[in-house]
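Chain order of the listed sequences is P, F, C, Z and X.
Under this note's numbering, the residues of the first sequence are numbered 310 to 557, in order.
Under this note's numbering, the residues of the second sequence are numbered 310 to 557, in order.
Under this note's numbering, the residues of the third sequence are numbered 216 to 485, in order.
Under this note's numbering, the residues of the fourth sequence are numbered 11 to 300, in order.
Under this note's numbering, the residues of the fifth sequence are numbered 11 to 300, in order.
Incorrect hints may appear among the rest.
Stated by the list, open to error - Pulled a few chain P residues facing chain Z out of the computed Cβ check, cut under 7 Å:
(1) 360
(2) 364
(3) 385
(4) 388
(5) 389
(6) 393
(7) 399
(8) 401
(9) 403
(10) 416
(11) 417
(12) 436
(13) 447
(14) 490
I should point out that these hints are in silico values taken from the structure, not numbers from a laboratory.
Computed from a predicted structure; not experimentally measured.
Cβ coordinates follow ideal geometry from the N, Cα and C atoms, glycine included.
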Amino acid sequence: MTAKLSIQSVRKSFDDKTVLRDVDLEVAAHEVVCLIGSSGSGKSTLLKCINLLVPIDAGGILLDGEDITAADVNPNLVRQTMGIVFQAFNLFPHMRVIDNITLGPRKVHGVPRDEAEERARDLLSQFDLLDKAEAYPGLLSGGQQQRVAIVRALAVEPELMLLDEVTSALDPELVAEVLNVIKDLKGGGMTMVIATHEMGFARDVADTVCFLDDGVILERAAPKDLFGNPRQPRTQQFLQRIIDAGRL
Amino acid sequence: MTAKLSIQSVRKSFDDKTVLRDVDLEVAAHEVVCLIGSSGSGKSTLLKCINLLVPIDAGGILLDGEDITAADVNPNLVRQTMGIVFQAFNLFPHMRVIDNITLGPRKVHGVPRDEAEERARDLLSQFDLLDKAEAYPGLLSGGQQQRVAIVRALAVEPELMLLDEVTSALDPELVAEVLNVIKDLKGGGMTMVIATHEMGFARDVADTVCFLDDGVILERAAPKDLFGNPRQPRTQQFLQRIIDAGRL
Amino acid sequence: GDDDAADGGGGDVSCAVGDLNLVTPGTLTVATGEPAFPPWVSGPSGDNFDDPESGTGFEAALVYALAAEMGFSDDQVTWVRTGFDEAIAPGPKNFDFNLQQYSITEAREEVVDFSDPYYVTAQALVAFPDSAVSGVTTLADLKDAKLGAQIGTTSLDFVEDVIDPDSAAAVYDTNVDAKSALEAAQIDGIVVDLPTAYYITAVEIEGTEIVAEFETASAAPDQYGLLFADGNSLVGCVNEALSTLRGSGALAALEDEWLVSAGGLVSISG
Amino acid sequence: MNPTPIEKVERRGPQALWPRRSPHTREEGARGALIAATSTVIVLGLILFVVLNSAAWPKVQRQFFSWFHFKESFPKVASGFWLDIQMFLVAEVLILAIALVVAMIRALRGPAFLPLRIIVVTYIDLIRGIPILLLILLMGFGIPSLQLPGVPRSPLFWGVAALVISYSAYTAEVYRAGIESVHESQRMSARSIGLTQGQALRHVIVPQAVRNVIPALLNGFVSLQKDVALVFVLGVREGLREADIYNARTFNYTSYIAAAVLFLLVSVPVARFTDWYTERDRRRKQAMSS
Amino acid sequence: MNPTPIEKVERRGPQALWPRRSPHTREEGARGALIAATSTVIVLGLILFVVLNSAAWPKVQRQFFSWFHFKESFPKVASGFWLDIQMFLVAEVLILAIALVVAMIRALRGPAFLPLRIIVVTYIDLIRGIPILLLILLMGFGIPSLQLPGVPRSPLFWGVAALVISYSAYTAEVYRAGIESVHESQRMSARSIGLTQGQALRHVIVPQAVRNVIPALLNGFVSLQKDVALVFVLGVREGLREADIYNARTFNYTSYIAAAVLFLLVSVPVARFTDWYTERDRRRKQAMSS
Ligand SMILES: Nc1ncnc2c1ncn2[C@@H]1O[C@H](COP(=O)(O)OP(=O)(O)OP(=O)(O)O)[C@@H](O)[C@H]1O
Ligand SMILES: Nc1ncnc2c1ncn2[C@@H]1O[C@H](COP(=O)(O)OP(=O)(O)OP(=O)(O)O)[C@@H](O)[C@H]1O
Ligand SMILES: [Mg+2]
Ligand SMILES: [Mg+2]
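Given the sequences, and given the hints that come with them, work out the whole structure.
Rendered as structure tokens:
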């Protein structure tokens, strides 16, 4: 069986700065991969490349064995099969929460408004946000905004979820809920690639953890191996600092 | 001796929504107070009230015994004695990092450009950002941006620092560094009020932890008491969830 | 319409009312300005102004005389109003001819047709008595004067080509604006055709006077013609009527009636 | 670099502390602002005084501000003004729609859209460079005189068409400013949920863009209101033309004041309403904070 | 609500994968865009064909597009155009500065600034409501005829002054759109580091605001370039006036085309340069991502 997602020698530079250097990564169906690594190592960029939001310079990205970076692929159809949640909250400030969530299902998948809103309200109540359905994003607290962004990504029922530090702005009380939702998603067979600074979260949810350093995947292993027995000196150093920060 | 900062029965509503209800809080000089509490409990709003960025509806805020919310106080002079770093990165996108940092010292305190830049570079190198001095914020990663925001607040050498979840977007490697910087600040006698979701951080750095719930300070205690022996059921419930989330 | 207006073929064509090439058959449709000024178009009523149907004023009276000569009754004459651009734009016109002191020039003949001239005028200088130009006697005296004129008039050509003052003439859309500039002391005097000069000194601009009249010979004669759409065959018949009026002395009589010249003006020649 | 001490702060008893109605009202520069406002009013008053007492004022007043001529000219000008309003309404609707399409085409990314973008940029640059009067003359007289079958001949029609073509080019650029002021991350978010470029523009970018440039759009609105008068060169008797005619007839400029009053009666309420509305909208949708 | 499957994707060997020059160039609607561009060109071509072959075209051409008259009128129009450029440069500098001050006053918050804000809003509303031609007449003829000692009489001076007053009102609103499009959090950040309202506006808000509205500012720029011509009502002989005079003398409109060509020679390069420059600036300062 081919991998759900296969990243092959992807390279990406911004102007003169190389951000990804020959990144290779296979993600099997139903697998959850966590990307960890220091700030600026390229985690967000890699996720944007997978979502075709940032064009790659060389290499290829295969989804279900099909090269989605080929010239004749409609990136829009590709994106409909993936959900992405960004590091910073990118809600549409001129739309109420419920409209933010239903926009994708309605416009892209043609779901009738009633049905889309019903589903959206289900999701909102799972995330304890039902009372904010009619509010505008500008009136929500940071944590509330980020939760809405997750709901919005889930609303298109993607096959693959890309999550970019989704818990970083979250109130710790809610981290558990998000974790549970993500675990549920995993239980339901969702394939996920998650960039995170939460090592506990990575250890809990990941099948595989990848350590990114300066645009290269330095180490790739099961969480217990990577956290318990890191092989690269750079990985050891990174984890040591996190332990010092009281985060592992 | 009067308290450095004294918040007396502060009330604040947005339109019909009450966000702070009679908040009382004393912060002694050189004391570090951490505000914890769920999303939407009013932490950010309280910090903005202290910085006079949000006008309060009732009550008073005293700095060194002087009511800074009185009608005849120039809020600008007040703000020059406080540094605030927001939850979301609020760098000026049209200025290079170095200009972001030196703007305050130069325009507010009249420090000559040379001197301001020298000091800024010192701070930048402490935060491992020296190579980004000439970059525009839009080109930095999220973590890098937040670190610059901290440096910017420190550059005016404030007497009181207000930090709103400054580590939430930070890469865990750097949390330790920020913690150390904040500990240094504390050692240097800086008074701080810190809103945070990082319980480990609060336990480490705070002299006092306040648990905010729905606009009220429900519980106020030394970290070991509050985390080890919370008295209010709501606090217990909050901490339980955090423990469930693997964050404590 | 490059040559003479007569190339519409007037000689061969019958000039009976029924045979004429008219915008509205059986009716002579005549255009004038909006508003039309005395002494060219006057009115019998209080303000003595802009009522062509009354047949008062030189051009209005001329039109009724021409119409009668061509076989129209007075109520077969209708008036329309046009702006400058409508009159000269290409394409079909809503009038048979247009008269509002259009000077006949070669360049204009390229895009419209003119009748034979119906009036030849001299240019005159209007100013306040205490102005820099009052009392001038030669064209050379006007060299350093600041003069104004209305756009599209031969008065302007006259200032530029004949007087040729050191500072370029100020050009106004209307004599109203020229008058305001005079009052604002931005110019020393304005050049207009003589009949207009009489009218504005007497009625429109209190306190001004005709400083001098310029001898016609010194410039290309300023001849007013009726304006027709390019290639309009009506021109021939109108010219016929016009020459009849001129031959009978009727045209001169109209001039005497409406375009009174008081005489005794200082006359300046080149 | 020592922080400046807080000046002039008095100790107050806590009983003085609440309730407060307008907290820290004293903004820096408050006194300066008052001085500036007062002196502006005084200077304007002085100028007015000097003007009203100058020897020539009665003459100027008679020519520009005559109550008699105002009353005389007003009915005619007002009747012509009604035509202006009609032209304006038709033109504005078309302009807002066409300009939006033009701006959206300009905002499309990718090499596939290059030819379309070139067409659109050429249109904008060319049309803005042409004096609007020339366009009105060219279309209002030129097109009908071609006498093409099935093509309308009405100068009103072509005059309004010329205004629409010209203003659409300007308005498209206003929209573009708005579109570019929406942060790139909004475009990315929209694309990431699977919207096409067009859908992203329509549902996400443009609604925010329009809000960002409402004052500039209103500029176009206000100036179009006056520029519809330009069709007078085609012989259309609208309000300003009536004022013109009155002015030519009487040598008195007060008729223009009458026209100005009519314009103001429309434009000021529209501007005030728009400001009030956008401010309310802003408050509803955007909190003061991050 | 099942996701649509990806269409038309072929399996390729990894050797085909790199290096790639323009990855996923195929954007949705690419074919549509090409069709749209092509059909636009075809339609325009057709219209041109019909026009050029209509019976009346030679006449229209003679009156609007005559090479002879173009050559004849060009030198005069060009010499007058030089005056336009000078007036434009003086006026534009003043407008950009005054409008910025006006917009900044309008953007000040707090009750202390209310009187100033009222003055400024009144100015903007009133001036925009007055036809610019009336303002030029009123100031250009009215003020000098007051014959106040020490007050200039030059129509050029007062004409340009009227333009500055009028355009500043419009331009202030453009700046305001820009200022309001800068997110509130920027203002808060600026205040939080101790800047005064004025400093926050000057160093933080306005620089971003101006970038956000450059296309709209350029609109004003382009239309001022043409509107300076309006001082011709005061008798000033600038470029468009010379074209007017030529047209009135010869009944030929080609002189306006000459004027339009001159305008285009200035405005198109300015527009292209500005676009290029702002795009470069944007790339330098703002990454594609959050
Ligand atoms: N559009 C862009 N133009 C130029 N440089 C960019 C751009 N986007 C990202 N970069 C640079 O690429 C590098 C990787 O950025 P990226 O956002 O992928 O890091 P990250 O691993 O997500 O970091 P963080 O943990 O801070 O979010 C950074 O050094 C950043 O400055
Ligand atoms: N300007 C505003 N207008 C209306 N409501 C607001 C405004 N600012 C904040 N709120 C509301 O006030 C409440 C408290 O917000 P605040 O940002 O202070 O919470 P917080 O404790 O900082 O939460 P988080 O942990 O998510 O940052 C929230 O419910 C929010 O929706
Ligand atoms: Mg990132
Ligand atoms: Mg907060």
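Which numbered hints does this structure break? Numbers 2, 12, 14 - these are the hints that the structure violates, sorted from lowest upward.
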